[in-house]
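> First to last, the protein sequences are chains A and B.
Under UniProt numbering, the letters of the first sequence match residues 1 to 342, in that order.
Under UniProt numbering, the letters of the second sequence match residues 1 to 213, in that order.
One thing to keep in mind: the hints can contain errors.
Unchecked claim - Computed beta-carbon distance windows for the label pairs:
1. B:Asp126 - A:Gln138: 15 to 23 angstroms
2. A:Thr119 - B:Arg79: 36 to 44 angstroms
3. A:Glu230 - B:Glu159: 25 to 33 angstroms
4. A:Met339 - B:Arg79: 54 to 62 angstroms
5. A:Gln138 - B:Asn171: 35 to 43 angstroms
6. B:Asn143 - A:Leu186: 46 to 54 angstroms
7. A:Ala150 - B:Arg182: 50 to 58 angstroms
8. B:Met183 - A:Asp320: 33 to 41 angstroms
9. B:Lys48 - A:Ile297: 20 to 28 angstroms
10. A:Glu269 - B:Asp179: 49 to 57 angstroms
11. A:Asp300 - B:Asn171: 34 to 42 angstroms
12. A:Glu230 - B:Asp191: 21 to 29 angstroms
Unchecked claim - The following residues of chain B were derived to be distant from chain A, with all beta-carbon distances above 10 angstroms:
13. Ile29
14. Glu36
15. Lys55
16. Lys58
17. Val73
18. Asp124
19. Ala127
20. Phe133
21. Arg182
Note that these hints are calculated values from the structure, not bench results.
By construction, the Cβ of each residue, glycine as well, lies at the ideal position given by its N, Cα and C atoms.
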Amino acid sequence: MSVDEPDAESQETPNGEDSTPIMTTLAPPAAVPPEERPLVEFDSPDSGLPSSRNYSVTSAHSQILSSIDDGQSTEEEGRTPVGGRQDSLIEDRLCNQLDKLVTSGADSDGMSASLSSYTIELLDTVALNLHRIDKDVQRCDRNYYYFTTANLEKLRNIMCSYVWEHLEMGYVQGMCDLLAPLMVILDDESLAYSCFTQLMKRMSQNFPNGGAMDTHFANMRSLIQILDSELFELMQQNGDYTHFYFCYRWFLLDFKRELLYEDVFAVWEVIWVAPRISSRHFVLFLALALVTVYREIIIDNNMDFTDIIKFFNEMAERHDVQLILRMARELVHKVQSLMDNK
Amino acid sequence: MSESYDFLFKFLVIGNAGTGKSCLLHQFIEKRFKDESNHTIGVEFGSKIISVVNKMVKLQIWDTAGQERFRSVTRSYYRGAAGALLVYDITSRETYNTLTTWLSDARMLASQNIVIILCGNKKDLDADREVTFLEASRFAQENELMFLETSALTGENVEEAFVQCARKILNKIESGELDPERMGSGIQYGDAALRQLRSPRRAQPQGAQECGC
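So that you can see chain A by itself, here it is in the shape it has in the complex (with noise of 0.2 angstroms):
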């Protein structure tokens, strides 16, 4: 498996990652179909406007410019000569990062419209990723005993090797989540590369403008209703929260952030071999069990948005996994009898 393939079409995947739960095409995040999408009349989170940039680099532009220019360019004659404030260590660092992702690049992929032009916005939009990797990087589960100092920097060159490839979504918050753990198990800089680039596929369409969440949230109040009807009646009556929100953080990760390491990776297998012998959906279902796990404790309480939101940041790692999964199963086969006796 090369990691420098880029990834177009392929579906063989060492991971089974291929199948999505809502769609397999990849589509860049903006052009989900309208008719993929619920209808969602309140104000929600996945209607987001697009991203604008805040953080410029003109300082280093020049620097990186006649970096690139020597080795690769011809196109970028009108620069100027540096100007106003050094700040040469970012520059060093930008320029370096830039060769090395230059290089990589050029050796497999002839096609990157990027090689024989970089104008000024491309190396800001570079510039300001490479900056919010780099605050994200540092603090990544920092208290899991695997990221040393050396493993994060291999995470760091993960991350920016794939937002590189994926400048047109750039770098989210809730990436390196996603990665870590693939990290972990794969102690491997490349195989977990490639695995992360496969698992992106479904899961970019999560984040902000990927449409995937909306469907998420609509299927959750679908199945609440049908399955729980008097946890849904006290939802919508206490300020109603049938939107779902609370569930956000839940399927951006793959309930990463839910769940202690050991359980990230019983579960993950889980969702990547589902579709394949249980349902596509799984994520639904394990949702679904989290929500049904506690109904008890939400109905007693009253909870209403605040008090759910509240009660699963603080129940977040500690789950009894193996109840979860369990029940998710027996949901999965619950929604199969009840659609077979229609």
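Following the hints, put chain B in place on chain A, whose structure we already have.
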């Protein structure tokens, strides 16, 4: 649920990624610096009961994700907030430059009367400062914000930020400028207040308002 307090205020902590929002919250609640904190996804919570002008006030604090891309997500938690800490990092001009966007979001989505305190965090990193105290205090003045420079690391001004914000809200309630019973005020009566204030309260705000004028 059985704790006794007079009021409950919903608070937000907002501002760019990496400015120390979660660390401020943690320092306020636990009185220590959280050095292993991860970036926030969605929303996290803290609550604490503080004593302000002879009233017990429970602050229910919603700590939000900072990355711009998640703004549409965090906005859905703004509704009905009575107060907010608007946080920037004094060592990062970038985080200061986006304050107006956060401000208009908060005023538009939380409530028009939301009381906001601007916090220039990471005060301990004075050597790397990119935003001066004077500049930020001018900005605060122009935008009718309270202002403090804070350090989640040392704890300097952290409690003060929350307390000052709460005090201003209490003042506004007492002057009648804020009506806790209005929908989405971000203020609820606690058990103690319900017991003591239920009957006289009806007449009180009117009188207080007149005194204020």
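> To test your reading of the hints: which numbers does this structure violate?
The structure breaks hints 3, 4, 14 and 17; every other hint is satisfied.
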